[in-house]
Amino acid sequence: MKEVFKSFLCRKTDFYTGAGIQAAEKLVMEKFNKYKKQADEETAKKKAELEERERKAKERREKEQAELAAAADADAKIREITDEEAAVIQQQQQKQKEEQEPKAETTDAKDDEEEEPGKIKPNAGNGCDLPNYCWTQTLSDIEVRIPLKASLRSRDLVVNIQKNHLLMSVKNQPAIIDQQLQHDIKIEESTWLIEDKTTLLITLEKVNKMEWWSRLLVSDPEISTKKINPEPSKLSDLDGETRGLVEKMMYDQRQKEMGLPTSEEQKKQDMLQKFMQQHPEMDFSKCKFS
Numbered sequence: 001m002k003e004v005f006k007s008f009l010c011r012k013t014d015f016y017t018g019a020g021i022q023a024a025e026k027l028v029m030e031k032f033n034k035y036k037k038q039a040d041e042e043t044a045k046k047k048a049e050l051e052e053r054e055r056k057a058k059e060r061r062e063k064e065q066a067e068l069a070a071a072a073d074a075d076a077k078i079r080e081i082t083d084e085e086a087a088v089i090q091q092q093q094q095k096q097k098e099e100q101e102p103k104a105e106t107t108d109a110k111d112d113e114e115e116e117p118g119k120i121k122p123n124a125g126n127g128c129d130l131p132n133y134c135w136t137q138t139l140s141d142i143e144v145r146i147p148l149k150a151s152l153r154s155r156d157l158v159v160n161i162q163k164n165h166l167l168m169s170v171k172n173q174p175a176i177i178d179q180q181l182q183h184d185i186k187i188e189e190s191t192w193l194i195e196d197k198t199t200l201l202i203t204l205e206k207v208n209k210m211e212w213w214s215r216l217l218v219s220d221p222e223i224s225t226k227k228i229n230p231e232p233s234k235l236s237d238l239d240g241e242t243r244g245l246v247e248k249m250m251y252d253q254r255q256k257e258m259g260l261p262t263s264e265e266q267k268k269q270d271m272l273q274k275f276m277q278q279h280p281e282m283d284f285s286k287c288k289f290s
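Going by the UniProt record's numbering, the first residue of the sequence shown is number 1, and it counts up by one from there.
Hints are supplied without guarantee of correctness; some may be wrong.
Pair ranges (Cβ atoms, derived) [stated by the list, open to error]:
(1) Lys95 x Thr242: 32 to 38 Å
(2) Met210 x Glu84: 41 to 47 Å
(3) Glu211 x His165: 16 to 22 Å
(4) Lys209 x Met276: 38 to 44 Å
(5) Gln94 x Lys248: 20 to 26 Å
(6) Gln253 x Thr203: 22 to 28 Å
(7) Gly244 x Phe275: 25 to 31 Å
Calculated pairs, BS3-like style, for lysine-lysine (alpha carbon to alpha carbon, straight line, at most 27 Å) [stated by the list, open to error]:
(8) Lys248 x Lys268
(9) Lys248 x Lys267
(10) Lys227 x Lys256
(11) Lys26 x Lys37
(12) Lys256 x Lys119
(13) Lys197 x Lys97
(14) Lys209 x Lys227
(15) Lys248 x Lys227
(16) Lys121 x Lys209
(17) Lys46 x Lys56
(18) Lys268 x Lys256
(19) Lys121 x Lys97
(20) Lys36 x Lys26
(21) Lys97 x Lys227
Treat the hints as calculated values from the structure; they're not laboratory data.
We put the beta carbon where it would ideally sit given N, CA and C, even for glycine.
Produce the entire structure from the sequences given, and follow the hints as far as they go.
In structure tokens form, the structure reads like this:
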């Protein structure tokens with residue numbers, strides 16, 4: 001096409017031989033430079049796009065390699081500890097618990113047995129320390145801590161929390177806990193996590209927040225709920241109505257322990273005494289009140 005156009009200018013015009021040859025050369029160079037500039041810009045643009053694609057591809061490859069290296073490093077950190085090491089860890093944890101707990105007097109233990117035969121004194125967290133796990137409680141929730149014999153991750157464990165049942169085991173090993181709970185819990189508000197790489201922490205939220213549990217599982221030994229000592233700081237966190245109910249419950253519990261009437265019983269006695277004072281003509285000496 002270019003040759004035809006140039007041949008036409010040569011045969012039919014004085015484009016190459018006329019007086020305006022310099023103008024013709026100038027026109028040709030202007031067009032050449034115009035399209036050369038566009039060609040250079042297009043080439044530079046394509047080169048920049050290619051370099052950007054290569055840069056992103058390189059970053060993606062480096063990120064994938066870093067993730068693979070991190071995963072390999074994490075797998076390398078999981079190691080099985082010996083029975084001797086597990087025993088040392090359990091002894092250290094037990095020692096820490098004993099240091100934190102106030103020493104119980106022998107007389108207190110005897111009183112517990114006399115008042116509630118077969119029931120044991122709760123630990124410092126109002127729960128119980130058992131061979132495979134320990135649990136503590138507040139009025140609203142329960143925490144269960146299970147020592148692990150190795151540094152494990154979440155994917156190595158099986159934890160199934162149901163409304164009235166709890167299952168916990170290490171994969172491909174016998175279950176540590178697989179039993180019915182004493183009372184119902186809220187599944188959606190209950191969680192679990194690995195604490196300090198050597199302890200599984202399970203948090204269960206109670207359905208009934210006005211009740212102390214005497215055991216975690218129906219197969220566990222019972223604790224004496226009369227010996228539970230809720231912290232005052234915990235009561236201050238409750239709203240006014242709930243705090244009033246809790247304080248009333250604690251008062252009634254202390255009254256029962258001392259053989260005295262509860263708040264409801266005292267209220268009934270006061271009403272009866274008032275009625276008797278208002279009706280002196282009546283003889284209440286032969287009346288039996290229960």
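For each hint, the structure was consulted:
Take Lys95 and Thr242: their Cβ atoms lie about 37 Å apart, and the range 32 to 38 Å holds. The hinted range of 41 to 47 Å is satisfied by Met210 and Glu84, whose Cβ atoms lie roughly 46 Å apart. One distance hint, 16 to 22 Å for the beta-carbon pair Glu211 and His165, holds here, with the actual separation near 18 Å. Hint check: Lys209 to Met276, Cβ distance near 39 Å, so the stated range 38 to 44 Å holds.
Judged by the Cβ atoms, the range 20 to 26 Å given for Gln94 and Lys248 is violated: they are separated by roughly 37 Å. The hint said 22 to 28 Å for the Cβ distance between Gln253 and Thr203, and at roughly 26 Å that hint holds. Between Gly244 and Phe275 the C-beta distance comes to about 27 Å, which sits within the given range of 25 to 31 Å. Only pairs whose Cα atoms come within 27 Å are accepted, and Lys248 paired with Lys268 is accepted, the gap being roughly 16 Å.
Under the criterion of a C-alpha separation no larger than 27 Å, the hint pairing Lys248 with Lys267 is consistent with the structure, at around 13 Å. A threshold of 27 Å between alpha carbons decides the hint, and for Lys227 with Lys256 the separation of about 13 Å falls inside it, so the pair holds. Straight-line distance between C-alpha atoms of Lys26 and Lys37 comes to about 16 Å, which keeps the hinted pair within the 27 Å bound. A distance of roughly 18 Å separates the Cα atoms of Lys256 and Lys119; the hinted pair therefore holds under the 27 Å criterion.
As the CA atoms of Lys197 and Lys97 are separated by approximately 18 Å, the hinted pair is consistent with the 27 Å bound. Restraint check for Lys209 and Lys227: satisfied, since their Cα atoms lie roughly 18 Å apart, inside the 27 Å limit. Taking the CA atoms of Lys248 and Lys227, the gap is about 16 Å. The hint holds against a cut of 27 Å. Only pairs whose Cα atoms come within 27 Å are accepted, and Lys121 paired with Lys209 is accepted, the gap being roughly 21 Å.
Between the alpha carbons of Lys46 and Lys56 the distance comes to roughly 15 Å, so the proposed pair stays at or under 27 Å and holds. Distance hint between Lys268 and Lys256 is fulfilled; the C-alpha atoms sit about 16 Å from each other, no more than 27 Å. In summary, the hint linking Lys121 to Lys97 is supported, as the alpha carbons are separated by about 15 Å, within the 27 Å threshold. Restraint check for Lys36 and Lys26: satisfied, since their Cα atoms lie roughly 15 Å apart, inside the 27 Å limit.
Pair hint Lys97 plus Lys227 holds up; C-alpha atoms about 18 Å apart against a cutoff of 27 Å.
In summary, the one numbered hint that this structure violates is 5.
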